[in-house]
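Trainee: Sequence:
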Amino acid sequence: MEIELSKTDIIPPYNFDFALTHYNIYPWVSEEGKLIRVLQLRNGKICVAEIKSLGTLNNPKLVIRTKPSRNIQAEEVEEIKEIISWCLGLKEDYRPFYEMCEKDRVLKTAMESRYGSKGKSYPTVFEAIIGVICAQNIQFKRLYSMMYNLCTKLGERIKIAGKDYFSFPSPKNISRSPLSIIRECKVGYRDKFIKKIAEIIVKDNINLEKLKKLSTEDARKELLKFPGIGPYTANLVLAVGLRRKDVLHLDRFVREVMYTFYFDGEKVPDELLIKYANKHWCGFQSLAVDALTTNTEIWAKKLGIDFKIKSGARGE
DNA sequence: CAGGTC
DNA sequence: CCTGG
Numbered sequence: 028m029e030i031e032l033s034k035t036d037i038i039p040p041y042n043f044d045f046a047l048t049h050y051n052i053y054p055w056v057s058e059e060g061k062l063i064r065v066l067q068l069r070n071g072k073i074c075v076a077e078i079k080s081l082g083t084l085n086n087p088k089l090v091i092r093t094k095p096s097r098n099i100q101a102e103e104v105e106e107i108k109e110i111i112s113w114c115l116g117l118k119e120d121y122r123p124f125y126e127m128c129e130k131d132r133v134l135k136t137a138m139e140s141r142y143g144s145k146g147k148s149y150p151t152v153f154e155a156i157i158g159v160i161c162a163q164n165i166q167f168k169r170l171y172s173m174m175y176n177l178c179t180k181l182g183e184r185i186k187i188a189g190k191d192y193f194s195f196p197s198p199k200n201i202s203r204s205p206l207s208i209i210r211e212c213k214v215g216y217r218d219k220f221i222k223k224i225a226e227i228i229v230k231d232n233i234n235l236e237k238l239k240k241l242s243t244e245d246a247r248k249e250l251l252k253f254p255g256i257g258p259y260t261a262n263l264v265l266a267v268g269l270r271r272k273d274v275l276h277l278d279r280f281v282r283e284v285m286y287t288f289y290f291d292g293e294k295v296p297d298e299l300l301i302k303y304a305n306k307h308w309c310g311f312q313s314l315a316v317d318a319l320t321t322n323t324e325i326w327a328k329k330l331g332i333d334f335k336i337k338s339g340a341r342g343e
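Numbering (the working numbering), first residue to last: 28 to 343.
These aren't lab readings, by the way, just hints derived from the structure by calculation. Treat the hints with caution; some may be incorrect.
In silico SDA-like links for lysine to any residue, alpha-carbon gap of 20 Å or less [as the list claims (entries may be wrong)]:
id, residue 1, residue 2
1, Lys306, Glu293
2, Lys72, Ser33
3, Lys337, Thr320
4, Lys199, Asp231
5, Lys118, Pro39
6, Lys252, Val229
7, Lys79, Phe45
8, Lys329, Glu139
9, Lys306, Tyr289
10, Lys79, Ser33
Can you build the whole structure from these sequences, using the hints too?
Mentor: Right, here's the structure in full:
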């Protein structure tokens, strides 16, 4: 089954190549020009979506091929299209953000090589929450192995052309797996949080997708109720799980980048960083931070700065 | 010993 | 608190 997405589905500019080469956290996989991932549909069905580009930056066109190809209902096709559109931000208009970058020499430089890129987000709020919890306290690249382990040990397996693919595990799967198995995924102290959150969702029958309809403030309040979710995790979930642009997460990488490029290398208190972001990147804080923390060591050279922390966006 | 949370 | 650096 092939699904085509063109002008009416994608707001240009759209840079598919960026999506293909950055932040491919399992179950996202990039293979031979195709972006692949397993999806679990509302009715529980597991399928694989393979996305490739046939268009250009200003005339984007994507084709989604779904496997297995048989027995896909019309409403399932629609659902797959919606999921992919959401994850890749196809309907997001980033032009106001680019306009803002024009006035910021650092952001302008950071965005130069990724014009038309749109942040990749998680298909479900649940996957976003677990993903961000795994992102606490680590160098970014470790996130890849944690998510890979969770999927291969606890996700659903599907074989396509002799190759195994895994879905991101459902709350139910996680909630009923022993702590020791979750621990084996090398998630460390996060194991209890991950299991606890899954248990709460199953026991209280919570539909996390409803958070997408709430205001950023209300959604944040709901997120903070879960164990293991503090201000950092809540804000990053809002950014990568709910596509909120007006949130800021401060971790060591973000702090370091802001000190270096906006405060002359001086370590200033968080309050000042927050104030700066709100003032200068108003409404686009999360997009600015995304730009600043992606391939930093590469574009920093154009500004004559030798930035020491590696970004991890490309997954090494 | 990070670093975000408890 | 875990784990990788």
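Trainee: Within a Cα-Cα threshold of 20 Å, do Lys72 and Ser33 meet the stated pairing?
Mentor: violated, 26 Å
Trainee: Given the hinted pair Lys252 and Val229, is their alpha-carbon gap at most 20 Å?
Mentor: holds, 15 Å
Trainee: Between Lys306 and Glu293, does the CA-CA distance stay at or below 20 Å?
Mentor: holds, 19 Å
Trainee: Below or equal to 20 Å on CA atoms is what counts here, so check Lys79 against Phe45.
Mentor: holds, 12 Å
Trainee: Please work out if Lys306 and Tyr289 have their alpha carbons no farther apart than 20 Å.
Mentor: holds, 13 Å
Trainee: Holds or violated: Lys337 with Thr320, Cα cutoff 20 Å?
Mentor: holds, 9 Å
Trainee: Do the alpha carbons of Lys79 and Ser33 lie within 20 Å of each other, as the hint requires?
Mentor: holds, 12 Å
Trainee: Within 20 Å, alpha carbon to alpha carbon, are Lys329 and Glu139?
Mentor: Judged against 20 Å, a Cα distance of about 11 Å means the pair holds.
Trainee: Mind checking the alpha carbons of Lys118 and Pro39 for me, to see if they're no more than 20 Å apart?
Mentor: Given that 20 Å is the threshold and the Cα spacing comes to 9 Å, the pair holds.
Trainee: Quick one, are Lys199 and Asp231 close enough, alpha carbons at most 20 Å?
Mentor: holds, 12 Å
Consistency with the previously given hints fails for number 2 only.
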